Amino acid sequence: MEKIFAHPEALYDLTTHYCPGCGHGIAHRLVAEVVDELGIREKTIGIAPVGCAVVAYDYWKFDCSEAAHGRALAVATAIKRVRPQNIVFTYQGDGDLAAIGTNETIHAANRGENLTVIFINNAVYGMTGGQMAPTTLLGQKTSTTINGRQREKHGYPLKISEILALLPGVCYVERVSFHSPQGVLRAKQAIKQGFKNQMDNLGFSLIEVLSPCPTYWGLSPKGSLDWIKDVMQKEFPLGRIK
Amino acid sequence: MVKKRILISGNEAIAEGAIQAGCNFYAGYPITPQNELIAYMAKYMPLSGGVFIQAESELAAINMVYGASAAGARAMTSSSSPGISLKQEGISYISGSQLPAVIVNIMRGGPGLGNIAPAQSDYFQATRGGGHGDYHLIVLAPASVQEAYDLTQTGFYLADKYRIAVMILGDGILGQMMEPLKLSVGKIKAPILKPWALTGCKGRKPNIVKSFFLREGDLEKFNLKLQKNYEIIRKKEARYEGLLLDDAKVILVAYGTMARIAKSALNKLRLAGKKVGLIRPISLWPFPEKAFQPINKKVKYLVVEMSYGQMVEDVRLAVNGYAQVDFLGRSGGGIPSEDEIITRVDKLI
Numbered sequence: 007m008e009k010i011f012a013h014p015e016a017l018y019d020l021t022t023h024y025c026p027g028c029g030h031g032i033a034h035r036l037v038a039e040v041v042d043e044l045g046i047r048e049k050t051i052g053i054a055p056v057g058c059a060v061v062a063y064d065y066w067k068f069d070c071s072e073a074a075h076g077r078a079l080a081v082a083t084a085i086k087r088v089r090p091q092n093i094v095f096t097y098q099g100d101g102d103l104a105a106i107g108t109n110e111t112i113h114a115a116n117r118g119e120n121l122t123v124i125f126i127n128n129a130v131y132g133m134t135g136g137q138m139a140p141t142t143l144l145g146q147k148t149s150t151t152i153n154g155r156q157r158e159k160h161g162y163p164l165k166i167s168e169i170l171a172l173l174p175g176v177c178y179v180e181r182v183s184f185h186s187p188q189g190v191l192r193a194k195q196a197i198k199q200g201f202k203n204q205m206d207n208l209g210f211s212l213i214e215v216l217s218p219c220p221t222y223w224g225l226s227p228k229g230s231l232d233w234i235k236d237v238m239q240k241e242f243p244l245g246r247i248k
Numbered sequence: 004m005v006k007k008r009i010l011i012s013g014n015e016a017i018a019e020g021a022i023q024a025g026c027n028f029y030a031g032y033p034i035t036p037q038n039e040l041i042a043y044m045a046k047y048m049p050l051s052g053g054v055f056i057q058a059e060s061e062l063a064a065i066n067m068v069y070g071a072s073a074a075g076a077r078a079m080t081s082s083s084s085p086g087i088s089l090k091q092e093g094i095s096y097i098s099g100s101q102l103p104a105v106i107v108n109i110m111r112g113g114p115g116l117g118n119i120a121p122a123q124s125d126y127f128q129a130t131r132g133g134g135h136g137d138y139h140l141i142v143l144a145p146a147s148v149q150e151a152y153d154l155t156q157t158g159f160y161l162a163d164k165y166r167i168a169v170m171i172l173g174d175g176i177l178g179q180m181m182e183p184l185k186l187s188v189g190k191i192k193a194p195i196l197k198p199w200a201l202t203g204c205k206g207r208k209p210n211i212v213k214s215f216f217l218r219e220g221d222l223e224k225f226n227l228k229l230q231k232n233y234e235i236i237r238k239k240e241a242r243y244e245g246l247l248l249d250d251a252k253v254i255l256v257a258y259g260t261m262a263r264i265a266k267s268a269l270n271k272l273r274l275a276g277k278k279v280g281l282i283r284p285i286s287l288w289p290f291p292e293k294a295f296q297p298i299n300k301k302v303k304y305l306v307v308e309m310s311y312g313q314m315v316e317d318v319r320l321a322v323n324g325y326a327q328v329d330f331l332g333r334s335g336g337g338i339p340s341e342d343e344i345i346t347r348v349d350k351l352i
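Same order as they appear, the protein sequences are chains A and B.
To convert, count from 1 in the first sequence and add 6; that's the numbering used here.
To convert, count from 1 in the second sequence and add 3; that's the numbering used here.
The hints are simulated quantities; they were obtained by calculation from the structure and are not laboratory data.
Hints may be right or wrong, so weigh each one.
A partial selection of chain B residues facing chain A, derived with a Cβ cut-off under 10 Å [claimed, not checked]:
no.	residue
1	L10
2	S12
3	A45
4	L62
5	A76
6	Y96
7	N210
8	D221
9	I235
10	K238
11	A294
12	Q296
Computed from a prediction, not measured in an experiment: that's the story for all the values here.
For every residue, glycine included, the Cβ atom is placed at its ideal position computed from N, Cα and C.
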């Protein structure tokens with residue numbers, strides 16, 4: 007009988023530390039599957055963020071580097087410039103990529119660095135206990151917006167993907183979502199495209215993933231998926247942005 | 004670079020020394036008074052096959068050095084005082100990840116934006132780590148253009164040998180003044196193998212470069228490993244120049260540009276028959292404590308700095324209360340003059 011499903015080689019067979027219903031485990035696996043399918047495990051270098059996925063390198067079976075909070079794209083820029091034959095990607099959350107690291111993000115994109123970025127948007131700071139993220143929705147309650155995010159006090163959800171799409175150095179931006187199995191499959195296709203672009207030397211690719219955080223959304227795992235579909239996608243519409 | 008002897012600024016000599024040492028990655032952000040260095044790298048780094056990046060910030064530049072070093076490159080950044088403050092986060096991560104790197108600080112006046120005049124007021128920051136955590140950099144303080152060139156090469160070698168960040172600590176005078184430089188082309192020491200570097204995991208287990216140790220006990224174990232490395236460096240890598248110490252009644256202690264002025268004062272004092280010597284620390288960390296041993300209780304030390312008293316603390320620790328330590332310092336644009344030094348020595352003798 008033909009084997010049609012297996013554990014990815016690029017992923018250690020471990021139980022993750024993530025909360026029930028979290029999207030990180032899915033995202034890690036999709037990256038691993040794509041790396042395997044493209045046959046690039048032995049030349050891939052991943053950059054783990056600061057945030058819930060800080061120990062992503064414990065789960066991926068390829069070379070990885072830490073980066074200080076927000077600095078992943080500066081670290082990745084240098085690794086790729088020093089080793090252009092390797093495949094280099096960053097894996098970053100919304101706080102990392104779009105708050106403390108906005109400068110590094112915009113300038114790496116604007117230089118057109120030949121990199122792939124997996125951007126996990128769950129609209130909240132998970133690791134530190136559920137504070138407001140740059141992508142927190144208006145009205146969304148967090149530990150630092152106890153009455154919900156208000157535009158007068160906190161500004162608007164930051165659409166970093168749309169901003170980056172304006173830059174000529176950026177070749178590919180797509181927003182995907184983990185709200186359904188179909189969404190997960192589409193996310194995998196987008197991640198694969200992002201890696202292929204780098205292999206073809208096309209420049210900067212970013213895949214934004216709307217990913218559930220039941221713990222700090224105060225919802226069940228199923229309720230979180232519905233919230234992505236019914237609420238989050240209205241603010242962050244899915245599809246190819248560039 | 005074909006000529007064997009050239010006239011060049013300190014900033015350019017550091018850049019050329021780095022290239023000669025096999026530096027193949029430079030990232031920096033403009034700041035006075037070290038701009039000749041970044042300009043030299045922009046021109047010559049690509050010619051030698053290396054990577055040059057003008058970063059969007061000091062933070063990005065030091066984190067690019069982190070990435071380049073993690074990927075096995077000989078990596079460097081340079082800046083001046085306010086920019087070095089910005090880099091401290093990255094320097095702490097580099098230290099915590101045991102990455103070799105060379106960081107150049109051409110000091111200017113502070114605190115804050117200060118001014119662009121030469122100063123030595125970043126001594127504490129340089130020798131005490133500078134960022135968060137228990138760590139040290141090797142800090143080398145050249146006093147001439149030639150030494151800036153030579154110590155930069157030494158710096159790259161030590162960085163790789165001990166997997167540590169090395170700081171070349173100069174000031175605006177050293178960076179900008181021009182002196183003849185004898186090039187030592189082709190003297191690059193054999194590269195040190197880096198089996199820990201990120202190259203892709205073909206034929207081996209994956210490598211991870213990180214400074215994060217969450218499990219109970221792991222960080223303490225790692226910190227003890229760092230401390231053991233620092234202990235070896237303390238024993239082996241302390242450097243200084245001692246001048247006319249044997250019969251000296253007053254010993255001047257100064258580093259970098261300040262030591263040049265102290266040396267001029269010393270020469271005049273000796274001509275007048277005054278028994279004065281000079282200790283010039285070349286490595287500021289590790290501090291060359293052995294230069295003060297055996298402790299002679301009859302000797303008086305005069306520490307001269309372009310600061311309001313930073314290295315003087317290390318001198319006091321080195322003599323541990325057994326000898327008199329006096330201090331003369333100016334900063335914020337002021338530089339202790341030959342005459343000021345002579346006047347103070349006359350009072351001490």
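Do the hints match the structure? See the list:
Checking B/L10 against chain A by beta carbon gives a least distance of about 33 Å; that is not within 10 Å, so the hint is violated. Interface restraint check for B/S12: the shortest CB-CB distance to chain A comes to about 27 Å, outside 10 Å, so the restraint is violated. Interface hint at B/A45: violated, since its Cβ lies 14 Å from the closest Cβ of chain A, which is beyond the 10 Å cut-off. With a cut of 10 Å, the hint placing B/L62 at the interface with chain A holds, because the nearest CB-to-CB distance is about 7 Å.
Among the interface hints, the one on B/A76 holds; its C-beta lies about 5 Å from the nearest C-beta in chain A, closer than the 10 Å criterion. Using the Cβ-Cβ criterion of 10 Å, the hint placing B/Y96 at the interface with chain A is satisfied: the shortest such distance is roughly 5 Å. For B/N210, the shortest C-beta to C-beta distance to chain A is roughly 5 Å, which falls under 10 Å, so the interface hint holds. A distance limit of 10 Å between C-beta atoms decides the matter here; for B/D221 the minimum to chain A is near 12 Å, and the interface restraint is violated.
Of the supplied interface hints, the one on B/I235 is violated, with its beta-carbon coming no nearer than about 25 Å to a beta-carbon of chain A, more than 10 Å. A distance limit of 10 Å between C-beta atoms decides the matter here; for B/K238 the minimum to chain A is near 30 Å, and the interface restraint is violated. This hint is violated: B/A294 has a C-beta 37 Å from the nearest C-beta of chain A, more than the 10 Å allowed. Nearest Cβ of chain A to the Cβ of B/Q296: about 40 Å, over the 10 Å cut. The hint is violated.
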